[in-house]
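*Asks:* This is what each chain is made of:
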Amino acid sequence: MNELLEFHPSERLTLGVELELQLIDHRDGDLTRAASDLVAITQTRHPRMDIKLEITESMIEIATGIQRDYAGVLSDLRALRDAVCESAKLLNVGVCGGGAHPFQSWTERHIVEAPRMNYISDLYGYLAKQFTVFGQHVHVGCPDGDAAIRLVHGLSRYIPHFIALAASSPFLRGIDTAYDCSRMNTVAAFPLSGRMPFVHDWEQFNAYFEKMRSTGIVQSMKDFYWDIRPKPEYGTVEVRVFDTPLSVDRAAALASYVQGVARLVLEHADSAIDEDAYLVYSFNRFQACRFGLRGEIVDPQTRARVRLDQDIRTMVESIRANAPGIAEPALMGLEQCLDRGNDSSWLRAELARVGSLGMLMRASTQRFLQNEESFSR
Amino acid sequence: MPEIDRLMEGLESGLINPFSMTVLLFLAALLSAEVTVRVARVPRIVSLVVAGAAIGWLRSVSATASLMPLPRSLLEVLALVLIFEVGQRVPLSWLRRNPWLLVTSLAESALTFAGVLSILVLTFRIPMVQSVFVGVICMASSPIVVMCVSKDLAARGQIAERALLLSTLSSVYAVLGMQFLLSGYLAANHAELEGAVQPLVQLLGSFVLGILAAGVLRLYVFLTDARGAVLTIGIVCFCLLLYAAAPPLGISPVLSSLFFGLMIRATDRTHRLLAHQTSEAGVMLSVGYFVLLGASFRWMGTAMTVVIAMAISVLRIGAKVLANSLLARPAALQPGRGALVGLALAPLSSLALILAASLSQHAGLEQASDLASMVILMMAVSGPLLTEWALRRAKESTRQSE
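Residue numbers (my numbering), protein chains in the order written: chain W, 1 to 377; chain U, 378 to 779.
Don't read these hints as lab results, they were simulated from the structure.
Keep in mind that the hints are not guaranteed to be accurate.
To be verified - Cβ-Cβ distance ranges computed for the label pairs, FRET-style:
id	chain 1	residue 1	chain 2	residue 2	range
1	U	Leu577	W	Tyr124	30 to 36 Å
2	U	Val683	W	Arg173	50 to 56 Å
3	U	Leu401	W	Ser105	36 to 42 Å
4	U	Asp602	W	Arg173	25 to 31 Å
5	W	Arg353	U	Thr601	40 to 46 Å
6	W	Gly325	U	Leu469	46 to 52 Å
7	U	Arg418	W	Thr107	16 to 22 Å
8	W	Ser105	U	Arg474	55 to 61 Å
9	W	Gln370	U	Ala621	43 to 49 Å
10	U	Asp602	W	Leu264	54 to 60 Å
11	U	Leu499	W	Gly355	57 to 63 Å
12	W	Gln370	U	Val683	56 to 62 Å
Stated by the list, open to error - DSS-like cross-link-like pairs, simulated, lysine-lysine; straight-line CA separation at most 30 Å:
id	chain 1	residue 1	chain 2	residue 2
13	U	Lys772	W	Lys52
14	W	Lys89	W	Lys52
15	U	Lys772	W	Lys222
16	W	Lys89	W	Lys129
17	W	Lys52	W	Lys231
18	W	Lys222	W	Lys129
19	U	Lys772	U	Lys528
20	W	Lys231	W	Lys89
21	U	Lys528	W	Lys129
22	W	Lys211	W	Lys222
23	W	Lys211	W	Lys89
24	U	Lys528	W	Lys89
25	U	Lys772	W	Lys89
26	U	Lys772	W	Lys129
27	W	Lys52	W	Lys129
Unchecked claim - A few chain U positions that, by computed beta-carbon distances, are all more than 10 Å from chain W:
id	residue
28	Phe403
29	Ser409
30	Val412
31	Trp471
32	Ala487
33	Arg604
34	Leu699
35	Gln711
All C-beta atoms, glycine included, are put in the ideal place defined by N, C-alpha and C.
The shape of chain W in the complex, shown without the other chains:
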């Protein structure tokens, strides 16, 4: 089969957001098995909403429609959250964000009964159950495949920004990992994770994909677990490095930030794509995962070291100045995150206050229900 991947064009810079959510047992805060029941009941009550099963029975995925701006994404996410949480109440199940459950045991997870999930489970063995981690995926609309490739390369410079702003997985198996984002280490175990190979345009990408498909390693784009990947069937570029934030408001703000960065990248389409941009990719990514907003990254062009929070502030100002149309409330929300700390900081502070990881999960489910303007630390 030598069928080329066809990139279906979509409206430039439109947004779509997917959130993977945790399903929590109210009794002890551990993950519970409720995805099939929750998806079935929510789809019955809200048939037009995009609510799906994920790899294990302890997680679900919600997805917005195609939106042009922050307000649309936020409205969709709030409606989805309310629908899911309303159904979850009937099942006595809690729903929350966060990139990883702080004390779940992966051996207790059940793979969802579906052909795709069974394929992943057969191929990756125990890694499939360990993949019970929770991420936010942001799709950005692209007019063509070449623009998508350019956008993937352009956004890769800002991967540390995205990781640090969204980081919400400091705890794993009952301990503080010392990372702000431990989820990325779980994803790294997959052989086709990391970054997309360096290609200049859609034609080169198609050639690469065809080579991989001929080896039998991949069947579709879904088999690549890259940090950023083109999604030709949707006509988007998908950013996959975000931990699921603790609130949908933060998720909408992050999507808006990606839109702003993407606009700047596409507006400077004449600048050359340079593979040297990836020299510091892994180092910067590690800094963001380990230290969050306090990490230090190296600018691939100037070779200068800069603190992540400062670099993000600079970018936010740049978006404000050069990318009109990006909602001010979203940018203000991000600045609030820079001032107060990301969700990992909140989780650590909250654990110190409530005293147990079980209670922390209760606090997380309560926070997920709140809109950000009504939430105060």
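Fit chain U to the given chain W structure using the hints.
*Replies:* Below, chain U alone, put in the same frame as chain W:
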């Protein structure tokens, strides 16, 4: 069984006395149960009940063995401790969020009662009074068994959670229904009209005692900073106090212990007590409980009693499955999974046994007691199997990778 008697007498002349004999039989029951679990892969609870029943059989066929003290009160205390744990796990606030669960529980209990009553009166021509009492006992399911099977499988999910909630509610209905009926029965026969208000007194009195016990336990934890085994000992002691204090006040120790657990769940904002695991002590409690439960069964009954009991058992399970599957959709579940909840409600155990035993103390209700006891025996053995099957079928067991 003269051979057994000769063996017992021979042993008794040595170091073996009734007390050590009981301990040895208990140990033998435990060993045989573990071997059965490994060889036949049956649930541990079933093995323990059957092994306990073997002790009961030995007591029924051997004059010497019947001298062995069977710690009946120990069984009841163990039941109270486990009922407390049930109360700790039952999310009553779920009923507020999903009122259809309350409707389901009322419907499945009512349908079970009506079904059992009908088959006894219409098919087997059992007198109405006797049939009503059997019907009330059959409404109950055993939350202790449901909880222990769930813990054994480390089950999590809707089937496990709903089965625990519905079995607890059905037990409450059965206790109150039995008290109401007994009051009426006694009033009709002996004109003791004051007995008619007993169910309300039971409910309120148990509630008050439960609140008191929960308050004192929280004070105990506050003062001693008790954790682990010390906390378990405290909980057992408070259950013992309830066991001692409730009956003289005319209050059900079972309901008191249930309210004790429910109050802890409702008021433990820090999850300090809820997070407590009885661990080894809890395992010991449940092992002792199920062996003693098995040993408490009476080995008697005619072939007709067995046939009727089998018919009741099948009908009882059918009624619970039917009600739960019919009301599954409004209660936010798929009908097929609702049926699994109904199946998981099959077990009957100590609570029903206590209710049946209370019948035998009243003249004219012996037949009801015998019939109910036979149904309980059948459900004590087959119930855990059905509960485990339902939980495994629903893929809620996390003990083994499925």
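*Asks:* It remains to establish, for every hint, whether it holds in the given structure.
*Replies:* Hint by hint, here is what the structure shows:
1. Restraint check, Leu577 (chain U) to Tyr124 (chain W): a C-beta distance of roughly 60 Å breaks the suggested window 30 to 36 Å.
2. The hint said 50 to 56 Å for the Cβ distance between Val683 (chain U) and Arg173 (chain W), and at roughly 52 Å that hint holds.
3. In this structure the supplied range 36 to 42 Å holds for Leu401 (chain U) paired with Ser105 (chain W), their Cβ-Cβ distance being about 39 Å.
4. The hinted range of 25 to 31 Å is satisfied by Asp602 (chain U) and Arg173 (chain W), whose Cβ atoms lie roughly 27 Å apart.
5. For the pair Arg353 (chain W) and Thr601 (chain U), the beta carbons lie near 24 Å from each other, so the given range of 40 to 46 Å is not met.
6. Distance hint check for Gly325 (chain W) and Leu469 (chain U): the Cβ-Cβ separation is about 51 Å, which falls inside the suggested range of 46 to 52 Å.
7. At about 20 Å, the beta-carbon gap between Arg418 (chain U) and Thr107 (chain W) stays in the expected band of 16 to 22 Å.
8. At roughly 28 Å, the beta-carbon separation of Ser105 (chain W) and Arg474 (chain U) lies outside the given 55 to 61 Å, and the hint is violated.
9. Between Gln370 (chain W) and Ala621 (chain U) the beta carbon distance is about 48 Å. The supplied range of 43 to 49 Å therefore holds.
10. For the pair Asp602 (chain U) and Leu264 (chain W), the supplied restraint of 54 to 60 Å holds, since their beta-carbon distance comes to about 57 Å.
11. A hinted range of 57 to 63 Å for the beta carbons of Leu499 (chain U) and Gly355 (chain W) is consistent with their spacing of about 60 Å.
12. Roughly 60 Å separates the CB atoms of Gln370 (chain W) and Val683 (chain U), a value that falls within the hinted 56 to 62 Å.
13. With a CA separation close to 19 Å, the supplied pair Lys772 (chain U) and Lys52 (chain W) stays within the 30 Å bound.
14. Proposed proximity of Lys89 (chain W) and Lys52 (chain W) is supported: the alpha carbons are some 18 Å apart, at most 30 Å.
15. Simply put, Lys772 (chain U) and Lys222 (chain W) have alpha-carbon atoms about 27 Å apart, close enough for the 30 Å limit, and the pair holds.
16. This hinted pair checks out: Lys89 (chain W) and Lys129 (chain W) have alpha carbons roughly 26 Å apart, not beyond 30 Å.
17. For the hint pairing Lys52 (chain W) with Lys231 (chain W), the CA-to-CA distance comes to about 18 Å; that is within 30 Å, so the pair holds.
18. Distance restraint check for Lys222 (chain W) and Lys129 (chain W): the Cα-Cα separation of roughly 17 Å lies within the 30 Å cut-off, and the hinted pair is therefore satisfied.
19. A threshold of 30 Å between alpha carbons decides the hint, and for Lys772 (chain U) with Lys528 (chain U) the separation of about 14 Å falls inside it, so the pair holds.
20. Proposed proximity of Lys231 (chain W) and Lys89 (chain W) is contradicted: the alpha carbons are some 35 Å apart, above 30 Å.
21. For the given pair, Lys528 (chain U) sits about 22 Å from Lys129 (chain W) by alpha-carbon distance, which is consistent with the 30 Å threshold.
22. With a CA separation close to 16 Å, the supplied pair Lys211 (chain W) and Lys222 (chain W) stays within the 30 Å bound.
23. About 48 Å separates the Cα atoms of Lys211 (chain W) and Lys89 (chain W), which puts this hinted pair outside 30 Å; it is violated.
24. This hinted pair checks out: Lys528 (chain U) and Lys89 (chain W) have alpha carbons roughly 23 Å apart, not beyond 30 Å.
25. Straight-line distance between C-alpha atoms of Lys772 (chain U) and Lys89 (chain W) comes to about 22 Å, which keeps the hinted pair within the 30 Å bound.
26. The straight-line distance between the Cα atoms of Lys772 (chain U) and Lys129 (chain W) is roughly 15 Å, inside the 30 Å bound, and the hint therefore holds.
27. Of the supplied pair hints, the one linking Lys52 (chain W) and Lys129 (chain W) holds, its CA atoms being roughly 17 Å apart against a limit of 30 Å.
28. Residue-level check passed: Phe403 (chain U) sits 32 Å from the nearest beta carbon of chain W, beyond 10 Å.
29. With 10 Å as the threshold on Cβ separation, the claim that Ser409 (chain U) sits away from chain W holds: the shortest Cβ distance comes to roughly 31 Å.
30. Annotated as non-interface, Val412 (chain U) keeps its C-beta farther than 10 Å from every C-beta of chain W; the closest such distance is 27 Å.
31. A beta-carbon of chain W is positioned within 10 Å of the beta-carbon of Trp471 (chain U); the least distance is around 4 Å.
32. No beta-carbon of chain W is positioned within 10 Å of the beta-carbon of Ala487 (chain U); the least distance is around 23 Å.
33. Non-interface status of Arg604 (chain U) relative to chain W is upheld: no Cβ of that chain comes within 10 Å, the nearest being about 12 Å off.
34. Listed as outside the interface, Leu699 (chain U) is consistent with that label: its C-beta sits roughly 20 Å from the nearest C-beta of chain W, beyond the 10 Å cut-off.
35. Distance check for Gln711 (chain U) against chain W: the nearest CB is about 6 Å away, which does not clear 10 Å, and the non-interface claim fails.
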